[in-house]
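A.B. asks: Just so you know, the protein sequences line up as chains Z and V, in that order.
In terms of our numbering, the first sequence is residues 1 to 343.
In terms of our numbering, the second sequence is residues 1001 to 1343.
Derived from the structure by calculation, the hints contain no laboratory data.
Small disclaimer: the values here were computed from a predicted structure and weren't measured.
Be aware that one or more of the hints could be misleading.
[Unchecked claim] These stretches of chain V come out as covered by chain Z in the derived footprint (C-beta under 8 Å, 3 or more residues):
no., stretch
1, 1041-1051
2, 1113-1121
3, 1134-1144
4, 1246-1259
5, 1265-1276
6, 1311-1322
[Unchecked claim] In silico SDA-like links for lysine to any residue, alpha-carbon gap of 20 Å or less:
no., chain 1, residue 1, chain 2, residue 2
7, V, Lys1101, Z, Phe61
8, Z, Lys185, Z, Met275
9, Z, Lys247, V, Arg1017
10, V, Lys1150, Z, Asn27
11, V, Lys1334, Z, Gly11
12, V, Lys1116, V, Val1066
13, Z, Lys150, V, Asn1045
14, V, Lys1028, Z, Asn27
15, V, Lys1334, V, Ser1157
16, Z, Lys247, V, Arg1022
Heads up, the beta-carbon is just placed ideally off N, CA and C, and yes, glycines get one too.
Number of protein chains: 2
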Amino acid sequence: MSQRTEIAALGEFGLIRHLTDRLEIKNKSTVVGVGDDAAVLNYENKEVLVTTDLLLEGIHFDLTYVPMKHLGYKSAVVNFSDIYAMNGRPKQITVSIGISKRFSVEDLDDFYAGLKLACDVYGVDIAGGDTSASLTGLCISITCIGEGEKGKVVLRSGAKDTDLICVSGDLGAAFMGLQLLEREKKIYKGEKDFEPDFSGKEYLLERQLKPEARKDIIDELQKAHIVPSSMIDISDGLSSELLHISKESNVGCRIFEDRIPVDYQTAMMAEQFNMNLITAALNGGEDYELLFTVPLSDYDKVSEMKGVKIIGHITKPELGCYLEGRDGGEIELKAQGWNSLNE
Amino acid sequence: MSQRTEIAALGEFGLIRHLTDRLEIKNKSTVVGVGDDAAVLNYENKEVLVTTDLLLEGIHFDLTYVPMKHLGYKSAVVNFSDIYAMNGRPKQITVSIGISKRFSVEDLDDFYAGLKLACDVYGVDIAGGDTSASLTGLCISITCIGEGEKGKVVLRSGAKDTDLICVSGDLGAAFMGLQLLEREKKIYKGEKDFEPDFSGKEYLLERQLKPEARKDIIDELQKAHIVPSSMIDISDGLSSELLHISKESNVGCRIFEDRIPVDYQTAMMAEQFNMNLITAALNGGEDYELLFTVPLSDYDKVSEMKGVKIIGHITKPELGCYLEGRDGGEIELKAQGWNSLNE
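Sequences are here, hints too, so could you generate the full structure?
C.D. replies: Okay, structure coming up:
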């Protein structure tokens, strides 16, 4: 049996010291990290980018199947993704957690191991945070600070008529991973010696449990001297994000079903679940891929980029936002937000 | 009866728009505020200060006696206080809230009214955030970004032997305000037509429910050309904060009971509650006053500062951290953290 140390054994300050001791600073913009009233950062000649995400137990994650280490990794990565979506580079995070007695020091060690791993992979410093007791579930709030080159920060609002709409990676897999985990959880409830069946579906699980942010795409764009006219990361589903760009840029858009990148495992799983594959790809969420637009003149350059697909183009605003199906039919794109308050 | 609009009636994006619409930008460092993947800030020739606080229902606040508007105000102010404690100026906040169905749109409007009032008073922009459903209580996470002049940011670690220890305002009142509110809450539980008795104790309530951050002290220090050798804001009690400075600066300290500033109402209340007044002042917390050290050579200058009192001096580390009582006896200072996980 694994060890369990009660958090009360360390106390507040002991716990903070335990979790943040020997944090190595990687970026010269991190002047003072954890341990004072505020972190001190230096962003000479750069734009400062700030994004924040709140992750609540039971809403954003289910600890019955999400290991604490994965949760730490994902909590950091989803914030990095927002900074990349500005054409920036994440540099620091602050980490606030609210924890109940249910959690042990070892649980938090696992969570921090995931956080630190993500920070190592993406070159980010943990620069501060807050640790608190919680009466209920686990509560995680991460703020990420990043740098953008002057004049090269990309907003949602710059898309222009005729721009190409591009998307990285493939869509819908994280959503299918979630469906799979939920199914196995339901089966598990009745059984004692339960072995979940994930064979051949590892990619879906990885996309749900350990997503990556597309630093590589930002690197590729830089190498190809492309500054997208607009960009957003896909956290709520392609449909929702496209509508954000369209609204903020005051344009319409048209995408094509046969261009939307979907992985083989995602398609297989949709079939097994008797789900509409395109709905999963459009509305699934948590893909953390980048959706961006470039002028037509960049067509050759984006066509050559690995892991990027052109899925449609920007139109005049009065033409609305539509998906053209394989059969030539048109479906209007609809927004999706969280619905937990409606249930 | 006041109006109640369900949050579900607006949906996620509708709610965010409702809360953040027409936010006025006050600072030129706020290049892009709410509405993109990240805020874009420009901190040319300044140090960037970042601090974050997590406030959880049942741990940090009790909605039976804390009005939502006050909660919004306080949530912002406690973060500003951390930036002032670096000798900096708060400029932006990001606001993340997790809300359950229990809350109405009007509740959140009140919360935001308090937030916005605090931002107006202190000249701060709301630059981003996250809004989420919560299965349980209200969860608030605020990150504040501020600016510091180069070379004038004040850490906890700069106190030197013989430095004077200074504190602004008075201590223990917020703690007494909390005791008072808790007492009235207990009485209220039994009665129907209950009128809480707060006459003559308005100051204690105000200190607990609507604390202010000491921007005025930072202004005064600047005018007097004083850069403290160390500084911290008093959120966990004087004792705790002094120990932070002592530890980070590797020094000892000696403070004097008869120098510790306490308001008349605080003293009266301590007597009524049969509580040790000095314990309340040392360990009470939530005062949001500034505790700082200055070299002996600044004695004349700090003596003339309004609202600042010299309460002792820094010593060599081997002399430890002590309070000298009115009777000449010595009490070793002890740290206090949250204890909610021990209960």
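A.B. asks: Does each hint fit the structure? Answer for all of them.
C.D. replies: Hints, verified against the model:
1. Figure legend: the stretch 1041-1051 of chain V, annotated as covered by chain Z; annotation consistent (10 residues with Cβ-Cβ distances under 8 Å, at least 3 required).
2. Check on the stretch 1113-1121 of chain V: 0 of its residues sit with their Cβ under 8 Å from a Cβ of chain Z, so the three-residue criterion for coverage is violated.
3. Counting residues of the stretch 1134-1144 of chain V whose C-beta sits closer than 8 Å to any C-beta of chain Z gives 8, which meets the bar of three, so the coverage hint holds.
4. A stretch counts as covered by a chain when three or more of its residues have a beta carbon under 8 Å from one of that chain; for the stretch 1246-1259 of chain V and chain Z the count is 1, and the coverage is violated.
5. Given as covered by chain Z, the stretch 1265-1276 of chain V fails the check, having 0 residues with a CB less than 8 Å from a CB of that chain where 3 are the minimum.
6. For the stretch 1311-1322 of chain V, the proposed coverage by chain Z is not satisfied: 0 residues have a C-beta within less than 8 Å of a C-beta in that chain, short of the threshold of three.
7. At most 20 Å may separate the alpha-carbon atoms for a hinted pair to count; Lys1101(V) and Phe61(Z) meet this at roughly 19 Å.
8. Note on Lys185(Z) and Met275(Z): the hinted pairing holds, with a Cα-Cα distance of about 19 Å set against a maximum of 20 Å.
9. Taken as a hint, the Lys247(Z) and Arg1017(V) pair is honoured in the structure, with Cα atoms around 13 Å apart against an allowance of 20 Å.
10. Among the hinted pairs, Lys1150(V) with Asn27(Z) is consistent with the structure: their alpha-carbon atoms are about 18 Å apart, no more than 20 Å.
11. For a cut-off of 20 Å, the pair hint linking Lys1334(V) to Gly11(Z) stands: about 13 Å separates their Cα positions.
12. The suggested pairing of Lys1116(V) with Val1066(V) holds, with an alpha-carbon distance near 17 Å, which does not exceed 20 Å.
13. Between Lys150(Z) and Asn1045(V), the direct Cα distance comes to roughly 15 Å. Compliance with the 20 Å bound is thereby established for this hinted pair.
14. With a CA separation close to 26 Å, the supplied pair Lys1028(V) and Asn27(Z) exceeds the 20 Å bound.
15. Proximity of Lys1334(V) to Ser1157(V) is assessed by CA-CA distance (about 19 Å); at most 20 Å being required, the pair is judged to hold.
16. With a CA separation close to 17 Å, the supplied pair Lys247(Z) and Arg1022(V) stays within the 20 Å bound.
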